[in-house]
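*Asks:* Protein chains in written order, with the numbering used here: chain A, 1 to 218; chain B, 1 to 393.
Keep in mind that the hints were calculated from the coordinates and are not lab data.
Be a bit skeptical, because a hint or two may be false.
Calculated pairs, DSSO-like style, for lysine-lysine (alpha carbon to alpha carbon, straight line, at most 27 Å) [as the list claims (entries may be wrong)]: (1) A/Lys133 - B/Lys268; (2) B/Lys345 - B/Lys61; (3) A/Lys176 - A/Lys115; (4) B/Lys61 - B/Lys268; (5) A/Lys176 - B/Lys345; (6) A/Lys115 - A/Lys133; (7) B/Lys345 - A/Lys115.
Residues per chain, in single letters:
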Amino acid sequence: MIEIQDLQFSYGEGDFSLEVPELAVAHGETVAIVGPSGSGKTTLLNLIAGTAIPRSGQVTTNGNQVSGLHDAARRDFRIANIGLVFQEFELLEYLNVLDNIILPYRINRTLHLDKTVLERAAEIASRVGIGDKLHRYANHLSQGEKQRVAVVRALVVEPPLLLADEPTGNLDPVNKDRVLDILFEYADENAATLIAVTHDHDILHRFRRVIDFKGFYA
Amino acid sequence: MRDVLYLAWRYLVYHRLKTAILVTSIMLIIYLPVGLNVVVEQSAEHLTARAEATPLLVGAKGSPLELALNSLYFSAEYPELIDYSEATTVADSGLADAIPLYVRFRSRSNPIVGTSFDYFSFRDSSFASGRPMAVLGECVVGAAVAESLGIQVGDTVTSSPETVFDLAGVYPLKMRVSGVLEKAFTPDDEAIFVDVKTAWIIEGLGHGHQDLARPEAVSGVLRRSEDNIVANASVVQYNEITEENAGSFHFHGDLAGYPLTAVIAVPKDEKSGVILRGRYTGDNATRQIVRPVTVIDELLDTLLTIQQFIVAAVIIVGLATIATAAMVFMLSYRLRRREIDTMLKIGGSRPRVASMLLAEVAIVMILSSVFATLITLLTWRFGPGVIESLVVA
Numbered sequence: 001m002i003e004i005q006d007l008q009f010s011y012g013e014g015d016f017s018l019e020v021p022e023l024a025v026a027h028g029e030t031v032a033i034v035g036p037s038g039s040g041k042t043t044l045l046n047l048i049a050g051t052a053i054p055r056s057g058q059v060t061t062n063g064n065q066v067s068g069l070h071d072a073a074r075r076d077f078r079i080a081n082i083g084l085v086f087q088e089f090e091l092l093e094y095l096n097v098l099d100n101i102i103l104p105y106r107i108n109r110t111l112h113l114d115k116t117v118l119e120r121a122a123e124i125a126s127r128v129g130i131g132d133k134l135h136r137y138a139n140h141l142s143q144g145e146k147q148r149v150a151v152v153r154a155l156v157v158e159p160p161l162l163l164a165d166e167p168t169g170n171l172d173p174v175n176k177d178r179v180l181d182i183l184f185e186y187a188d189e190n191a192a193t194l195i196a197v198t199h200d201h202d203i204l205h206r207f208r209r210v211i212d213f214k215g216f217y218a
Numbered sequence: 001m002r003d004v005l006y007l008a009w010r011y012l013v014y015h016r017l018k019t020a021i022l023v024t025s026i027m028l029i030i031y032l033p034v035g036l037n038v039v040v041e042q043s044a045e046h047l048t049a050r051a052e053a054t055p056l057l058v059g060a061k062g063s064p065l066e067l068a069l070n071s072l073y074f075s076a077e078y079p080e081l082i083d084y085s086e087a088t089t090v091a092d093s094g095l096a097d098a099i100p101l102y103v104r105f106r107s108r109s110n111p112i113v114g115t116s117f118d119y120f121s122f123r124d125s126s127f128a129s130g131r132p133m134a135v136l137g138e139c140v141v142g143a144a145v146a147e148s149l150g151i152q153v154g155d156t157v158t159s160s161p162e163t164v165f166d167l168a169g170v171y172p173l174k175m176r177v178s179g180v181l182e183k184a185f186t187p188d189d190e191a192i193f194v195d196v197k198t199a200w201i202i203e204g205l206g207h208g209h210q211d212l213a214r215p216e217a218v219s220g221v222l223r224r225s226e227d228n229i230v231a232n233a234s235v236v237q238y239n240e241i242t243e244e245n246a247g248s249f250h251f252h253g254d255l256a257g258y259p260l261t262a263v264i265a266v267p268k269d270e271k272s273g274v275i276l277r278g279r280y281t282g283d284n285a286t287r288q289i290v291r292p293v294t295v296i297d298e299l300l301d302t303l304l305t306i307q308q309f310i311v312a313a314v315i316i317v318g319l320a321t322i323a324t325a326a327m328v329f330m331l332s333y334r335l336r337r338r339e340i341d342t343m344l345k346i347g348g349s350r351p352r353v354a355s356m357l358l359a360e361v362a363i364v365m366i367l368s369s370v371f372a373t374l375i376t377l378l379t380w381r382f383g384p385g386v387i388e389s390l391v392v393a
């Protein structure tokens, strides 16, 4: 369950500011956030993830007031609860596909990398069609393959909340469906919450709820 | 920690060219002063050891360094010559034992050292096989000569002409090997030792030819009188001393006037050494007596001064290189800002990400140090020999 109350955020002295009086997302819900560029959709994802701190108001996820936690606690919370999918994939060019997928395990000591994790990574990768590319460098992959790697990286830690920023923005129709299938299958099988920012109105029908940043609508 | 090192290693391997350039630069900065120090110290030790083992050298007045290098290391440049009588003078003084040296000729690149038996006991040389030279035309070879030329007792080595265009000059002499020395790790390993008279034969000061009194040599007779026979140019001269022709070898004139490059003087005691040195201090003396250790110390002082200049220059270049390397890392971090942000967003802690970046620096430094150590060890093993050959050459 995500609850946002009287949230206010701005970047330094800039013109941009975001205000969300109230927003609630239920456990297991799939939500698409749409709106014009610069309206603050990605910022909202960052606030929910705890990678940005609001000027005022509260963001509560699964009972944890994320904005009130200190840096290390926010990181541990994020690791335990959130899988992030970035619009630009954000894969590390010097790692192969498998190493990119299990990267969260290598950079956070609360996660333990073992055989089970490796098997799970390989299994999810196979399910999304990149099982034979685990030892290729990330920059030798197509756009669709890169996005699938980014999705598998978010799923491998088995988070109860998935935050996806334009998960299909760089993909052709076939890969777009493939990536969405992965996300929705995961959310469905694990009763996970999925919040995706998108400009793509063709995919909105797949979400249980769509939020327009200029006004909520169902 | 293992994960941090793994990620750092993957980054360095992926950017292998940048890594190689950094490692090479830092390795050189570490190696240059250390390696130079090793070379200078070992060369100093090596040069000094030989010099310390040679108390005094008597030679023609001139460059003490040339005299010392020729007498100790058998360098190709030889000093002004002195007469053999100088060796007799030293020995007759009762102050020191005299060991003659005539280091002028070569067999290929190996120096031929004309000397006496005493040289081997003076240098405490051991024979791997055979015995010292006993008759004219025999030689003893150093261990490295025997190894490189694949020769043993009973084989022969031939002296090289000083110049191939001088038809009236030194002819090659074929010499039989009577002994091979044990390896001593000194210039003796590279030398061929002959009796000083054999060296004079190489020079042509002594020779052997067919007996002009015999009937078959009549074509070689230019003029014959009651007490003398003068040969013409067709007389057969021997270029090898054998049992059959050894008797025909002879020297013209007084041997006391025959040439030497130096005399090693081994004083009976310290006082004798001082007295002997005093005899060569006159302004008009045409001879000099030098303590090799003093000469070599002066040479080393020059080397050390040069070393200090080089080290100072290397330190300045090193600081510049380290500053450049630091800049490369800092620019690299700026370029990797997005990658770092991604790691922080997906759960990486700042200390862990920082550790990864520091691990990259550490790995580069460790690799540089390891390679610097390796080439320093190689320098330690081979450097002094190279430097010594350069200095002596």
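*Asks:* If a hint holds in the structure, say so; if it does not, say that too.
*Replies:* Hints, verified against the model:
| no. | hint | verdict |
| --- | --- | --- |
| 1 | A/Lys133 - B/Lys268 | 85 Å, violated |
| 2 | B/Lys345 - B/Lys61 | 83 Å, violated |
| 3 | A/Lys176 - A/Lys115 | 31 Å, violated |
| 4 | B/Lys61 - B/Lys268 | 24 Å, holds |
| 5 | A/Lys176 - B/Lys345 | 24 Å, holds |
| 6 | A/Lys115 - A/Lys133 | 19 Å, holds |
| 7 | B/Lys345 - A/Lys115 | 25 Å, holds |
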